[in-house]
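J.: So the chains spell out like this:
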Amino acid sequence: MLDTLIQAASQALTLYNFFGAALGIFLGSLLGAIPGLNGTMAIALLIPVTYTWSPLFSIAMLVGCWKGSVYGGSISAILLNAPGTPEAAATSLDGYPLARQGKAGKALKMALYASVIGAVFSDVMLMVAAPPIAALALMFGPAELAMLILFALVVVAGTGAHSQVKGLISTALGMLLATVGLDPITTQQRFTFGSIDLDAGIELLAMLIGLLVMSEVLVQMEEGWQEAHSEAMARSADPNASRVTWRELKACLGTIFRSSLLGAFCGALPGVGSITAAFMGYDQARRLAKNPEDYGKGELKGVAAPEAANNAVCGAALIPLVTLGIPGALSAAVIMGAFMIHGLAPGPMLMTEHPETIYGLFMLLILSDFFMLVIPLPLMKLGQWVISVPRAYLFPVILVLCVIGAYGTQQNLFDVKIMVFFGVLGYFLKKWGLSPAALLIAFILGPMAEVYLRQALKISGGSPMIFVTKPLALGFLLATVAMIAWTAYRRRRGKGAAAAH
Amino acid sequence: MRTKIWAALLCLALVGVLAGGALAKGYPNKPIKFIINFSAGGTTDVAARLMAAKATETLKQALVCMNRPGAGGTLGVSEVARAKPNGYLIGTCNMPAVAIIPLIREVPYKPYKDLVQVCAVMPYEYALMVRGDAPWKTWEDFAAYVKKNPGKVTYGSVGTGTTNHLITARIGKEMGLDWKHVPFQGGVKETAALLGGHVDMINNTTASVASSIRAGKIRVLLVTSEDRLSLCPEVPTMKEKGFKFSQISYMSIVAPGGTPQAVLDKLSAAFKLATADKGVLEACAKLDLHPKFMPGKQYQALLQQLSAEWGKLLPELGVKAKK
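Here the protein sequences come in this chain order: A and B. Quick note: the first sequence uses this note's numbering, first residue 21, plus one each step. Quick note: the second sequence uses this note's numbering, first residue 969, plus one each step.
Watch out, some of these pointers could steer you wrong.
[Said to hold, decoys possible] The list that follows gives simulated cross-link-like pairs (lysine-lysine, BS3-like), each with its CA atoms no further than 27 Å apart:
| no. | chain 1 | residue 1 | chain 2 | residue 2 |
| --- | --- | --- | --- | --- |
| 1 | B | 1052 | A | 437 |
| 2 | B | 1116 | B | 1141 |
| 3 | B | 1115 | A | 478 |
| 4 | A | 478 | B | 1052 |
| 5 | A | 478 | B | 1246 |
| 6 | B | 1290 | B | 1207 |
| 7 | A | 478 | B | 1141 |
| 8 | B | 1260 | B | 1212 |
| 9 | B | 1288 | A | 478 |
Keep in mind the hints are simulated off the structure, nothing from the lab.
Working from the sequences, and respecting the hints, build out all of it.
T.: Below you can see the structure in the form of structure tokens.
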């Protein structure tokens, strides 16, 4: 074992590989921070280039790129309310209000620390506990996943909306939009209106760029018009506004830890993904908080929670990949290609056939988490300078980037049309107090709930008893019921307290 | 003035005609767009890129790879069908996108008119598999168990209307097996469900689970492809077990219908070299992929025969066919 570790270290810990990881993080956080562009795009573009490079170098770079972009997205989410990556959608809910209060620096640093803690947590899990976690992940079949997604839907439904009814409207709209495309079970066309481009469903990234970024440009453009001049964001003179004090970090540690655990769990389950993790992280913090009414108005924990969760997905998504040959997330699937191109077939034999490569990779991953503490710092500075540019100059550039980003992922012009459509829709949603974030998460969770529910019923031959007889499924079903009851109770108590005043 | 314009237009037209004639001779004189109809990182993508790199050397023009995944491969294929038939936009193609899916739902191309098969380059290798710790050691064991427990056994596929689903359903029909089909969205989730014990058996490509097979986590019961597999040479094929059909699906190269024969020949020759190249074969073998060349005309005929066969069988297997 020690031999393997030493060999792994000598193979992995070279200047060349460090450079790969650092380059990946830099590229990822840069592209992630630019609204419209994102890390998945970068990874897809980089894959063919990595053909000729060594496996450790290229995988360290790709994973670095992924992690960097997951963090980078929060920079624009906080500064512009335009999340650079889908994972950062939840971060903008409290990050942007903080920035408006002049505490942009504080929010950015908190996001960074939470991201790094989440990432380290997840990589350590990958290194020390991969086999048992993989075994746990396998216990989740269609029935268990259906109930887990139901639970997640109840937890996150309506996030970011002005009222519960508006939250539910946003959620329903998201689930409705998700039904466009081929029926997942029968493969018949639904709401495609004869367009083959809609057969694959509405492209998530294109929709997201429209819904979250372009809509924000429209909203702020209108504000600029009304104010008759474009005003740069105020910056607080208080030095504490641009850094995180030890006390604040300590107060957030519990939230960060719970989020990391949630994120790692979502990452290890194939197909649950980092966007779900970020929202689950945010909502666990909000629901367990003593001051839930402060969330959405600039609560620091509301920045820490989603960022810890979405970064904790990365390492954990590699757990089923290296132990079972099953990637835990979309980006992990692309990274699986990088393994394969280099003749490392992912799966149970990977650890026994190439232990030095795998342990070397683990070491590189953990080390690169610490690079993440340093590399994005200049970007933060740059970002804060960018928002001091008058909005009249800034927004046209962002709009162009939106078009490039929507086109870039699949090089399909249809996606640009999707982006524009959702940009306009997002503008009206925001005007009406509906929540684009709630729509987005419902769009992601809705189809999962449908597929797993129908698969489970196929397995049971149509009997819903499958959700009660399987212990894990029953557990999540009960948790869902408890969650609804608890929410109702808190609301009543809240109303009672308000009436007493 | 008017005559001058006409003369100029005539000249332009002439140049166009001449250029068209010269096209095949000088082909290719610019990079070729190469649409891969599955997502980056999968087995199709990796094999296609390896071959494209080799074909680039032969043709002395770059094959620029672009992934256009989705809708069972039909999205990428439809893009090729829409392109100008000049050989500068070609792509990969899977069997169902041409021979099966057009029978089930509307697709914006006529599979044998808007597309022409340049050549087939790699057969996918399929098998029926169970968990390594399952009680069934052979296909006979398993079939006997299904017979004894009607309506109890479940099998997974990568989706309704895929060869994985249809071949397994056809086996069930011939043997009178009463089992339940569970369609998953892709091989990854299908494999996870098998390993977790949520379905009893799956039909999947062997290359994608090679590592699990070697580790004994997955046991292959029956090879549904035509020939035995190097990954598990001891497992018999379904032909050996007396079935009259097998799971045939190649990755092929397609061009828009109406592409000049000379262009098709050049492309076909380049891919033939790529499928025989030592470097390509070695890189593929590491992933348990085995490229094999088949001329375009022969493959096209095979596809048409498969279309006719499935057209008759789909309703019997309970798949709703397009009206």
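J.: Output the indices of the hints that this structure fails to meet, ascending.
T.: Of the numbered hints given earlier, those the structure breaks are 4, 5, 6, listed in rising order.
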